[in-house]
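Colleague: Produce the entire structure from the sequences given, and follow the hints as far as they go.
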Amino acid sequence: MQKHYSNIYAEFWIEDHILYVIFKPNTILNLQGAKKIVADRLQFQQSKEYAVYCDIRGLLKVDYNARIYLTKEGILGIIAIAFIVDEHRTETFAKYYKISRKFGFPIRVFRNPAEGKAYIHQL
Numbered sequence: 056m057q058k059h060y061s062n063i064y065a066e067f068w069i070e071d072h073i074l075y076v077i078f079k080p081n082t083i084l085n086l087q088g089a090k091k092i093v094a095d096r097l098q099f100q101q102s103k104e105y106a107v108y109c110d111i112r113g114l115l116k117v118d119y120n121a122r123i124y125l126t127k128e129g130i131l132g133i134i135a136i137a138f139i140v141d142e143h144r145t146e147t148f149a150k151y152y153k154i155s156r157k158f159g160f161p162i163r164v165f166r167n168p169a170e171g172k173a174y175i176h177q178l
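For what it's worth, the working numbering labels the leading residue of the sequence shown as 56, then goes sequentially.
Simulated from the structure, these hints should not be mistaken for lab results.
Warning: the hint list may mix true and false statements.
Lysine to any residue pairs mimicking SDA-like chemistry, simulated, CA-CA at most 20 Å apart [claimed, not checked]:
| id | residue 1 | residue 2 |
| --- | --- | --- |
| 1 | K172 | K116 |
| 2 | K116 | E142 |
| 3 | K103 | E142 |
| 4 | K79 | K103 |
Listed next, with one range per pair, are the computed distances between beta-carbon atoms [what the hints assert, rightly or not]:
| id | residue 1 | residue 2 | range |
| --- | --- | --- | --- |
| 5 | P80 | G159 | 27 to 37 Å |
| 6 | Q98 | H143 | 31 to 41 Å |
| 7 | G159 | N81 | 17 to 27 Å |
| 8 | A169 | Y119 | 13 to 23 Å |
| 9 | K103 | N62 | 28 to 38 Å |
| 10 | G113 | L86 | 13 to 23 Å |
| 11 | K127 | S102 | 25 to 35 Å |
| 12 | L97 | G159 | 11 to 21 Å |
| 13 | H143 | S102 | 30 to 40 Å |
| 14 | H176 | D118 | 24 to 34 Å |
| 15 | Y119 | Q177 | 19 to 29 Å |
| 16 | Q87 | A173 | 29 to 39 Å |
Backbone N, C-alpha and C define an ideal beta-carbon position, used for all residues, glycine too.
Modeller: Below is the structure:
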């Protein structure tokens, strides 16, 4: 299995059975980008399920179609998510993701990366 992968939107790696997804700075995400991220992530995971540490502080904008896609197809292969946010913009997206569907797995939102990491490791 690859240990690290990067595309124009995000970086992925697996460490201690946690999948890290870190969005690159100033990322604007449309439907095409959301599909690329999900496809790349699923290929990287190689059919294994993971708890995900997802740092979305680099996101500038996520359009409506991308948000819908991520709350449907974007949940495949995920057993828990810790979103790392910084300001109102990314916090709003994370909360939208959390409340828009009943996923059957825990989703938490953190402003402090260390708290998010501790949470996802304890699962």
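Colleague: Quick check on a hinted range of 25 to 35 Å for K127 and S102, using CB atoms only.
Modeller: Taking Cβ atoms as reference, K127 and S102 lie about 19 Å apart, which means the hint is violated.
Colleague: CB of H143 to CB of S102, is that within 30 to 40 Å?
Modeller: Since the Cβ atoms of H143 and S102 sit about 36 Å apart, the hinted range of 30 to 40 Å holds.
Colleague: Evaluate the given range 24 to 34 Å for the C-beta pair formed by H176 and D118.
Modeller: 32 Å, holds
Colleague: Indicate whether the distance between the beta carbons of Q87 and A173 respects the range 29 to 39 Å.
Modeller: Holds, since Q87 and A173 (Cβ atoms, about 35 Å apart) stay within the stated range.
Colleague: Is 11 to 21 Å respected by the C-beta to C-beta distance linking L97 and G159?
Modeller: 18 Å, holds
Colleague: Hint check: K116 vs E142, CA-CA at most 20 Å. Holds or violated?
Modeller: Answer holds: K116 to E142 is near 13 Å, not above 20 Å.
Colleague: Could you tell me whether the CB distance from Y119 to Q177 stays inside 19 to 29 Å?
Modeller: Between Y119 and Q177, where Cβ atoms are some 34 Å apart, the hint is violated.
Colleague: Taking the beta carbons of P80 and G159, is their distance inside 27 to 37 Å?
Modeller: 32 Å, holds
Colleague: Would you say the C-beta atoms of Q98 and H143 sit inside 31 to 41 Å of each other?
Modeller: 33 Å, holds
Colleague: Hey, K172 versus K116, does the alpha-carbon distance stay inside 20 Å?
Modeller: Distance of about 24 Å is beyond 20 Å: violated.
Colleague: Is the gap between the beta carbons of K103 and N62 within 28 to 38 Å?
Modeller: 19 Å, violated
Colleague: Take a look at whether the Cβ-Cβ distance between A169 and Y119 falls inside 13 to 23 Å.
Modeller: 32 Å, violated
Going through the hint list in order, the structure does not satisfy hints 1, 3, 4, 7, 8, 9, 11, 15.
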